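Line order of the protein sequences matches chains A and B.
Mapping the first sequence onto UniProt numbering, position 83 (from 1) lands on 83, and the numbers just tick up by one.
Mapping the second sequence onto UniProt numbering, position 8 (from 1) lands on 8, and the numbers just tick up by one.
To be clear, the hints were calculated from the coordinates, so they are not data collected in a lab.
For clarity, every value in this text was computed on a predicted model and none was experimentally measured.
Misleading hints may appear alongside valid ones.
As the list claims (entries may be wrong) - Computed list of lysine to any residue pairs in SDA-like fashion (alpha-carbon distance at most 25 Å, straight line):
hint, chain 1, residue 1, chain 2, residue 2
1, B, LYS82, B, ALA99
2, A, LYS69, B, TYR74
3, A, LYS72, B, TYR74
4, B, LYS21, A, TYR84
5, A, LYS106, B, ILE88
6, A, LYS106, B, SER34
7, A, LYS106, B, LYS82
8, A, LYS72, B, ASN76
9, A, LYS106, B, ASN91
10, A, LYS69, B, GLU69
11, A, LYS63, A, ALA118
12, B, LYS21, A, GLY61
13, A, LYS69, B, LYS82
Claimed, not checked - Pair by pair, the computed Cβ-Cβ distance ranges are:
hint, chain 1, residue 1, chain 2, residue 2, range
14, A, PRO126, B, ASP85, 39 to 49 Å
15, B, HIS41, A, ASP91, 31 to 41 Å
16, B, GLY35, A, GLU90, 21 to 31 Å
Where is the CB? At the ideal position from N, CA and C, for every residue including glycine.
The residues making up each chain are set out below.
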Amino acid sequence: MGADGNKKLSVKEGRASCGKKNYGLSLSLSLCEGVVRREEDMSSNNPSQLLPSELIDRCIGSKIWVIMKGDKELVGTLRGFDVYVNMVLEDVIEYEITSEGRRITKLDQILLNGNNIAILVPGGSPDPE
Amino acid sequence: MSGAVEKGSTGTTKTPADFLKSIRGRPVVVKLNSGVDYRGHIMLFLEYFLSLVLGILACLDGYMNIAMEQTEEYVNGQLKNKYGDAFIRGNNVLYISTAKRTLGDGA
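So that you can see chain B by itself, here it is in the shape it has in the complex (with noise of 0.2 Å):
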C-alpha cells in the first residue's frame, strides 16, 4: 500500500488526494449511494484537511466529508432542490465525479 501512495507524486498516478487537490474549486457531481447527485463546487474536504495537518498523504479515515456551494439536487436527473452551501456527511458518498458528464439510458 505504501508503494502506491509514493507513486502519488509521479505522473501516471493519481491517488484519491492527488484526486482531491485537483478538483477543489471547481465544478462537481457528487453521488450518493442512494442515487441522488450533487452537482456543485467543493469547497472543503474536512477529512482531507486534517490529514494534510497530520502529514498524512492518504485520506484520513476514509471519510469523504464535502462542503458544497451552489449546490443542486438531481433525483433521476431531474432538479429538485437548491441549496447555498451543503455540507455531505461521507459515509453517504459513492463518488466523486468532475462535472463533464452525459447522460444515456437502456442498452
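Just chain A, same shape as in the assembly (with noise of 0.2 Å):
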C-alpha cells in the first residue's frame, strides 16, 4: 500500500515536471514569437499595429464621413490634416440634424476645426444624398 502510494506520487511529481517542462517550452516558444513580430513589425507594415494618424493618412484625397460632437455631419475629400486631427476638406456637404429636419450646406473648401470632431468614417457616408 504504502509502496503504491510513493509510485503514484512519483508518477505525479513526473507529470508534473513534464508539464512545467512543457509550460516552459511553449513560454519560450511564445516568447520567440514575440520577437519575430515585432522584428515584422519594424521591417514592414503590420496591419494589425496601425496608428489612427496612419489610417487618417491613408484617407487623404478619397471621400470621408466626419461626425461631430451634436448633431452635426460633414461628407467631403481629404485634403490633409494636422496633430490636432484640423482637417482640410474639399467638395463638402454639411448636414446639420435639427428638429425641422436636415439643413444641407455645401461648401468648396473648408479647414475644420478639429476640437468637435467625434467619428472620422473612411469612404463618406453610406447616404446617397
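Fit chain to chain and form the complex, with the hints in mind.
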C-alpha cells in the first residue's frame, strides 16, 4: 500500500515536472514569436499595428465622413490634416440635423476645427444625398 | 503625424497650414460652433504667424484666432451686423471656408 502510494506520487511528480517543462517550452516559444512579430512590425507594415494617424493619412484624397459632437455631420474629400486632426476638406456637404429636418450646406474647401470631431469614417457617408 | 506634415509640400495633400496660406486676403466664411457665420476677408491668423516665427509647420496650438476685415455677421443666413475689423477668438471656430457657397434647406 505504502509502496503503491509512493509510486503514484512519483508518477504524479513526473507528470508535474513534464508539465512544467512543456509550459517552459511553450513560454519560450511564445517569447520567440513575440520577438519575430516585433521584428515584422519594424520592417514592414503589419496591419494589426496601425496608428490612428496612419489610418487618416490613408484617407487623403478620398471621401471621408466626419461626425461631429452635436447634431452635425460633414462629407467631403480629405486633402490634409495636422496633429490636432484639424482637417482640410474639399467639395463638402455639411448636414445640420435640426427639429425641422436636415439643413444642407455645400462648401468648396474648408479648414475644419478638429476640436469637435467625434468620429471619422473612411469612404464617405452611406447616404447618397 | 509627421508624415502628414511632410506631405504638405506635395501637390496632392494640403495641410491646414497650406490652406491658411492659400486663403490669406481672400473672401472667406467663418462658421462658429453657435451656427453664426462671418463673411469677410482674412487679415491675420495670429497663431499661424507665431508658428512661422518658431519654424513649425502645423498650427501652433490648434487655435484658430482670426482677424477679419469688411466683416458681415449672418445669423440663420440673414445679415445681422457689419463690422469694419473683427477679431474672432479661435475656440469658437467650427470651420473656415472659401467664400463661394450655396445654401439649401430640407432634403
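Fill in: Which numbered hints fail
10, 13, 15
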